[in-house]
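Peer 1: Protein chains in written order, with the numbering used here: chain A, 184 to 567; chain B, 3 to 527.
Take the hints with a grain of salt, since some may be wrong.
Claimed, not checked - DSBU-like cross-link-like pairs, simulated, lysine-lysine; straight-line CA separation at most 30 Å:
| id | chain 1 | residue 1 | chain 2 | residue 2 |
| --- | --- | --- | --- | --- |
| 1 | B | K527 | A | K251 |
| 2 | A | K451 | A | K437 |
| 3 | B | K343 | A | K254 |
To be verified - Pairwise CB distance ranges, derived in the manner of DEER restraints:
| id | chain 1 | residue 1 | chain 2 | residue 2 | range |
| --- | --- | --- | --- | --- | --- |
| 4 | B | L64 | A | N538 | 40 to 48 Å |
| 5 | A | H264 | B | T497 | 21 to 29 Å |
| 6 | A | A436 | B | G131 | 54 to 62 Å |
| 7 | B | W429 | A | S491 | 38 to 46 Å |
| 8 | B | A212 | A | G359 | 33 to 41 Å |
FYI, nobody ran anything at the bench for these hints, they're computed from the structure. Glycine is no exception: its CB is placed at the ideal position from the N, C-alpha and C atoms.
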Amino acid sequence: MKSMWQRAGMMGAALATSQTALAEYAYNLPEPASQVARDVFQLHNLILLVCLGIFVVVFGAMFYSLVKHRKSAGHQAAHFHENTTVEIIWTVIPFIILVGMAYPAAKVVIDMKDTSSPDLTVKITGYQWKWGYDYLNDGVSFYSNLSTPREQINGTAAKGEHYLLEVDEPMVVPVGKRVRLLITANDVIHAWWVPALGAKQDAIPGFIRDSWFKADKIGTYRGQCVELCGKDHGFMPIVVEVVSEEDYAAWVAKKKGAAAVAAADGTKVFELTDLMTRGESVYQGNCAACHQADGMGMAGVFPAIDGSKVATGPIADHIALVMNGVPGTAMAAFAGMLSDADIAAVVTYQRNAWNNKTGDLVQPAQIAAARGGAAAEAAAPAAQ
Amino acid sequence: MSDAAHAHDDHSHGHPSGIMRWLTTTNHKDIGTLYLGFAFIMLFTAGSMALLIRAELFQPGLQITNPDFFNQLTTLHGLIMVFGVIMPAFSGFANWQVPLMLGAPDMAFPRMNNWAFWVLPVAGLMLMGSFLLPGGAVAGGWTMYPPLFIQGGISYDLTILAVHIMGLSSIMGSINIATTILNMRAPGLTLMKMPLFCWTWLITAYLLIATMPVLAGAVTMLLTDRNFGTHFFNAAGGGDPVMFQHIFWFFAHPEVYILILPAFGIVSQVIPTFARKPLFGYASMVYATASIAILSFIVWAHHMFTVGMPVAAQLFFMFSTMLIAVPTGVKVFNWVATMWKGSLTFETPMLFAIAFVCLFTIGGFSGLVLAMAPVDIQVHDTYYVVAHFHYVLVSGALFAIFAGSYYWLPKWTGHMYDETLGKWHFWLSVIGMNIVFFPMHFLGLAGMPRRIPDYALQFTEFNQIATVGAFIFGFSQLIFLVVVLKAIKGGAKATDQVWEGAEGLEWTLPSPAPYHTFETAPVVK
């Protein structure tokens, strides 16, 4: 019996993929790339077949009646209006079918929930509007932003093959390993989903929930945020690169090297032009979604930075706002998301871009000082 | 039951006329008409929003909206269709039909009836007016999940207030309907002889009275979180954002049945009439309706399978949800058995009722698919869910409203509607509706999230098909408008009986039903 369902599932998958190749019509769940996704795929096929069977029987009877029992065909109405035996039968039979369906479904639920003995644990954090990944075993951390250019979205450039499903920094995992996901959020509720891996979990601010997957095959798997999280909900995709174990080790080494270089920036003193260049790229990645590339914001929703009191007023207040955010609004606290150098760069950029020609220069040491604490205070004079 | 007493049209014992007649009316027929008219206007308002949404989604990229305005459209489309169209339309049917079916002179609380209606346009204006406020209308989804809902501007507070007002209206309406049904039935009309429409509304009224205060509590907590520094839903202050979802769905799952039980009632009146055969399994219909209502209180967390519940909770909500298929199945079987060996004719109300049985069942099947927690987790918050709830709300609730409107229009206006136009309306609606919503199943399975203004290229074809269907469906509703206006203005005179196979007290009255009816109660044997 099970092999029959498995075969039906495979056929469905084959059909779905061949259709995708022909045109972009996909009629079923994507081709599964993990055991859980495969179980779900087969469960869905099973339920669909049961529903189809019931539909044919019930509506076969109804359409037979619509044709045969028409007044225009001279049919006289019968007068029966109850039949206890029939009514009991059609209450009991659906119940038995349901029990038959509940059993395999329960098995998959229990399997999906079993996040024990992982080979690798990754903490995933949803932000408005990007994902953050922290590899707890390997000490790698990064953010993953949509990399589709604005011009493609606005229709001024041709759309690429992976339009809206591409990121600057994909999540990378080794093939055939149990990956446990610890999922949370920083601001509002998001949901992390990669269909082919069969893992979906809401990301809830203040709480950590877990999920897991074990990818069968090397490849790139794409998904999207699936919980409405504000303006750019449709623009925070997820890309998971499943690679061989050697490639994974090489990737971890590379990420660690890059992190060491970035850490050194925190103690440097920068020129204005360097800060402006770096600040612009930080601004585009973190601020422009709301405050817009031209710094004008969106009237009534997101304040303008160009000409604002914050960006032209006291530097300390400006730094504090960027670091701590504004509770109860979409303005996030960037202290935990950006490095000292990045915050220094973006504040400098905001104070000098557009019409805000204050000429102010903010150095990473000032950010470290603003973070407070003995260590930061000790570091600040040393930098000067 | 002669109605000679009603022959003189006596609504002028010093009653105001013109706009004041409608503002001050306590007559159940006037108030029923007001509800139906309000629902009609709101249907076109929220329908236009749906067409804007579909136009944006015709191709990938952002063309006619920006993401923030798109979210405002989806949010308001949902809120208005639920609270401004389906619920008021059913209240309109209840106001017109419950007293006529029970042989009662009016509703139990006529003045409260007036008040229950007239607060609704205020709430509607508040929702629509919020488009003009700084920051635009509410954009956090009709489900109002915090913390996103905490972030918004003044229109979010206005929406909370509007939801409060609509809840108040529903509670007043339900108390009125339940009291009328329990106390004002004609002598001899026992509960188990009552038309099924009254039964479904009685049960709906109890669902409303039980759950509307829960919604009011949830949105009040949102209001204080937003404005008065409480932290019910803020983890940083010891609250829990998921708690809102539990409270909200404890309201909103029974709400799903509030939106469909009166539809079951209408269809259960229409099918026997055109099958010329009594409803099959009347008693089991009543028990099935009651079971669905009771079960609706213990399944709410199936909307939340992806929040990360313990295994035991997930299994409990999966099993209890699947159980709902049993009483729902009983209803479908009963409708089919009512048609079986009848003497069927296919006037417009019957066509809509048959489409209801067939297409609502497709929505039921996708509901069964969604009840399986593992499959739900895969397709939760995708277009599969959008397809599912539009099958039960458009080809379910809305088609039943169409069926009921065509069925009772001759009794309300005294004129037969234009059958040819009615059939055009039916066929264009049923074809258009399937072209919009059937491809959405495929989109959801393929992985397209809901509530996104722009999508990846592999979703293009089905979105284009859906948009074409949406415009066919949307514009064919103008035919319905024409049919209703024509029937109000004139047309062939309707007989008292109207339909050959119709049974019940309302068909003993003249057409149109006089302003005051059943001043002396009829006796039912």
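Peer 1: Any of the earlier hints contradicted here, and which numbers?
Peer 2: 1, 4, 7 and 8
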